Amino acid sequence: MARIGVVVFPGSNCEYDAAAAVEQLGGSAELIFHSATSLGDLDGVILPGGFAHGDYLRPGALARFSPVMDAVAAFAAAGGPVLGICNGFQVLTEAGLLPGALQKNRGLTFLCQPTTLIVSSTRSVLTRAATLGAELVVPINHFSGAYTCDDETYASLVADDQIVLRYRDNPNGSRDDIAGVANEAGNVVGLMPHPERAMSSLLGSADGRVLLEGFVGVGAAAH
Amino acid sequence: MNYSVIVEVTLRPGIADPEGATIERALPTLGFSGVSLVRAGKLFRFSIDADSPENALATAQSLAERLLSNPVIEDAVARLDEGR
Amino acid sequence: MNYSVIVEVTLRPGIADPEGATIERALPTLGFSGVSLVRAGKLFRFSIDADSPENALATAQSLAERLLSNPVIEDAVARLDEGR
Amino acid sequence: MSSAPEPLHRALGLTDSELDDIRQVLSRDPNPLELALYGVMWSEHCSYKSSRIHLKRLPSKGAHVLVGPGEGAGVIDAGDGIGIAIRIESHNHPSAIEPYQGAATGVGGILRDVFSMGARPLAVMDPLFFGNLDDARNRWLVEGVVSGISGYGNSVGVPTIGGELTFDECYSANPLVNVLAVGALPTDRLALGVASGWGNYAVLLGSSTGRDGIGGVSVLASAGFAGDDGAASIDDAKRPSVQVGDPYEEKRLIEACLELLDRGYVVGIQDLGGAGLVCATCETAAKGGVGMDVDITAVPQRELGMQAFEIMTSESQERMLAIVTPENFDAVQAVCDKWEVRANVVGHVVEPTIMTDGTSVGMLRIRNGFDGEVLAEVPASSLADDAPLYDRPRQRPSDLDAVRADDPTIDEPVGDAAADLLDLLVDPAWVYRQYDSQLFLNTVVGPGRDAALLRLAGPGLPASNRGFAISTDSNPRWCALDPKDGTALTVAEGVANLACVGASAKAVVNCLNFGNPEHPEVMWQLSESVDGMAAACDALSLPVIGGNVSLYNESGGRDIDPTPVVGLLGIVDSLVAPPPGWDWNDGDALVLVGHREAAGAVPFPLAGSRWATRRGRRGGQLASFDASRLVSTFNFVTAEVASICAGKVSDVTAVHDVSGGGLAAALAEMASVTRVGVNVAKLEGHGELFAEFPGRFVVATSDAEAFVARAIGAGVPVTLLGTVGGTRVHLGGLLSVEVSDIAARRGGALEGALELI
Ligand SMILES: Nc1ncnc2c1ncn2[C@@H]1O[C@H](COP(=O)(O)OP(=O)(O)O)[C@@H](O)[C@H]1O
Ligand SMILES: [Mg+2]
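Residue numbers (this note's numbering), protein chains in the order written: chain B, 1 to 223; chain L, 1001 to 1084; chain S, 2001 to 2084; chain Y, 3001 to 3757.
Just chain B, same shape as in the assembly (with noise of 0.2 Å):
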């Protein structure tokens, strides 16, 4: 069983929802609180959604220089599959485990609202259980989503095939319509929207689950 990590940042908000979708995918979830610094003996590291800091100054950039924010970039580093959802991507930009930044939404105002992704890549720890080009109808829920990179940073990005997501209908103002990236080596992942939110129809959708499926897989192959 995947034994999966969830970081905890004060001001994060969806640490319980993403450990549930860990264990109804038959893994195992942690919450790991941010003053730790050691992962300990992880498959998987998960930083979520909320607001960690507060979103203070700018989405991530308190969170950055959390205590166990050394802990990930070594995990990752090491080949650890790490995963950022939402302000966990915010989070990981910011530290500079993935590139580019995330700036506000093109029409200033948060949006909570389900969006149709389409998977570009399946070169990496969370798209790797999808099939290349399906459409996947999974929520977004941001202020700050609109994915920002320079030239020559998007070039690298299209060669090295680290756009894993896009969105069908750009929400947001996100360069190319990219919704999540993944760093060269495919382990560690960001996205804007919420896998963790549609893992079942009761809720409006279950698409979410092949992303997860396959994040939490990778955990459990290296047993």
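Simulated from the structure, these hints should not be mistaken for lab results. Just so it is clear, the structure is predicted and the values come from calculations on it, not from any experiment. Heads up, the beta-carbon is just placed ideally off N, CA and C, and yes, glycines get one too. Any given hint might turn out to be false.
Unchecked claim - Derived lysine to aspartate or glutamate pairs resembling DMTMM-like cross-links, with alpha carbons at most 25 Å apart: (1) K3338/Y - D1075/L; (2) K2042/S - D1051/L; (3) K2042/S - D1075/L.
Claimed, not checked - Restraint-style ranges between C-beta atoms, simulated for each label pair: (4) A1058/L - Q3333/Y: 32 to 40 Å; (5) S200/B - S1062/L: 51 to 59 Å; (6) D2081/S - L1030/L: 16 to 24 Å; (7) I3053/Y - A1058/L: 50 to 58 Å.
Chain B is already provided as a structure; the job is to place chains L, S and Y with the ligands on it using the hints.
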């Protein structure tokens, strides 16, 4: 003529500034000591077409007060950007 | 000694500024004409304990770059607040 | 020439006779600090002095009521060892001045009411009322209020799952911003705001104290705006510094308080709301019958040179008061350290004082150091409970008969029904898209439908298959014509909304937004409204477990229309599948469930309808409230939908109640979300298209015969309306519109009016 203007919007004294306070609390762990009284505000730069610097400034100040700030909690000051 | 510092954080040229653009679009209906190139940024004021103005500024500049701005999209400039 | 200075008590909002009452209580003259304490605690906002005698008429009992009115929030037993806490409050006047912070701090305040009971906040709703959007200031208020609720609610991590949006001239300088919050708790974690145990500590948790909102309740919430231009006319000297919300502090405060309660470390706990520390200390002491010594120097202060009265009455946000035994204090401190929440002992629970007549009285003593000088000493209960109650003069408005006689049902020209329909439709999605409505993976039906429906689950709660539903409702158009039946019908409308998602109504909370209580017409409206609510709640067996009264909603001497907002809480016993919603299918039969015609003299009354109001007609005779015509219909629809929620197969495909905009609007809304049209054969003229009275539901079914048989079996009237299909909405030869036109008009109405598109 076109004038470059800068507007600074800051919270009025006495108004709580949770953002500034949160940043201040975080600083010691980042290795910055001796920093205090952190206040966060907003900055706007724009260009105004006017026939004199005085008129440019007057328009900018009125814009600052009417649109860029809420005088109930914020002070707004416009100035000409001499650098440009 | 304590020095008052101002840090201005602005979006780097070429980075889209939806906030500035929105303000610019709203201006004509509010009766402001001739305003263009609106860019929105952030402003921080704080006090630094240092043994010289140079050192205060150096610390402030490092704080501005390491924490107060995201170098991927923003520029940050620190200056001493002569007014205080 | 300067006139004599105003005496202090009047400057503090106390009348001469109230000053006499205080002298009586103390058997001496109060000092200025004591006077300030009475000033805020005896303000309208804190003491309900004008409304309390009326509120007593509301039923509040029920076998499942764990906590009724009087605590931070009402609590019901939802089964499975889970209690649900619910409360509603207004933040009208602060929002008129600084819409973002006014609304944001409204959310923060109502959440504290809920988690002070030991409940984890699970949902927020926001009934909002603004002036017309052709005015730029009103547009600014809408954008500010919505972004304030979004900014605070999302960040603090509580989903906002619904609300209301009403535009009317009467709210122009005085918007109404009401906020309702719901939380859930394991019933054994229930906490109360009671101080007990001599020697225990009163621990202030959370933010430091600044000068924010000094006198907020007395100046803002208990007085009207002087002119008709709102903020601009507020006397600058009286303008309190605006409170600023910090959702990040509140989030940590929630986690810390719930952990303290889980670990059993606190004896009692209460939030600091209006009137700040004086309110929390005197209320907890009064409830426990104990005294309390408060050391003002122990209160962490954000600003220099604060005076005792400022420290005691400041409304700085994100603070709680916990009563803790000395033995537990270190453990409390450790939990607070973990969550980076400040904790300071600011008070000591002390023995009541034995008076000369032998009675024991808990005294609130404000001191300069626990052993230092006593700055104020008054009976805690005199502040908390003994404000004078006023039975203010009431008078039926003299023009009411004339208003009622001016009935649009009789003489208003028919006009172009299709154009009228398109004008009535507003999709509030622009508002609720800005709110996180999904957090905690509970939201089965989010904003945009009849009622919100959530799984009854959350961190730390016992497992349950149940769901809870919430609806907020109001209708100032109805209540202006008839505050009694208008309010009763509003309650019925809420029950109807719950029925649409299969929930049985269990409890009511209310926020009574009215004008100036010194106007006898306003007091009459308030009293009638309370009677209407009491009648409806009695007839529908609903306890009222909490509420809030907001008076002085006026500007330039014009009172707002009476605006009682009713929040309904319902339960679905088994929630394993989503309820039908509005999505009908091509070929479905369409059935109207419930009495087709209204109770009262007129079968299809247009009085108080959106249709009439848009034409400037505000008079007429409202439908009457007749519970006997409602109960079986409500029960039938609830049971039909509940069985679908429980996972049973059903022929029912869509359900929607008929409310604002009448039958035509209900059908248009369903067509526009499904993008499938409908054909209704015959209707009784434009009255039946646009009349508004609750108790009717539109149901789409794949098996009309079976459905009708069940309805008849339940003794519920039904009417076959027509069939679903095609690309147009055809209504009884009265109008015919393309579904795509309806969707476009409805979808763009709000953003268009806000000049965003
Ligand atoms: N201010 C708001 N915030 C969130 N949701 C809102 C708001 N206003 C309206 N809504 C949602 O839009 C839907 C329609 O509202 P309304 O017309 O009042 O419903 P009904 O007529 O069924 O009572 C409801 O689901 C309501 O919760
Ligand atoms: Mg409804």
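Hint check results:
This hinted pair does not check out: K3338/Y and D1075/L have alpha carbons roughly 36 Å apart, beyond 25 Å. At roughly 29 Å between alpha-carbon atoms, K2042/S and D1051/L are farther apart than 25 Å, so this suggested pair is violated. The hinted pair formed by K2042/S and D1075/L meets the criterion: a straight-line CA distance of about 14 Å does not exceed 25 Å. In this structure, A1058/L and Q3333/Y break the distance hint of 32 to 40 Å, their C-beta atoms being roughly 55 Å apart.
Between S200/B and S1062/L the Cβ separation comes to about 54 Å, which falls inside the hinted range of 51 to 59 Å. In this structure the supplied range 16 to 24 Å holds for D2081/S paired with L1030/L, their Cβ-Cβ distance being about 22 Å. A hinted range of 50 to 58 Å holds for the C-beta pair I3053/Y and A1058/L, which are about 56 Å apart.
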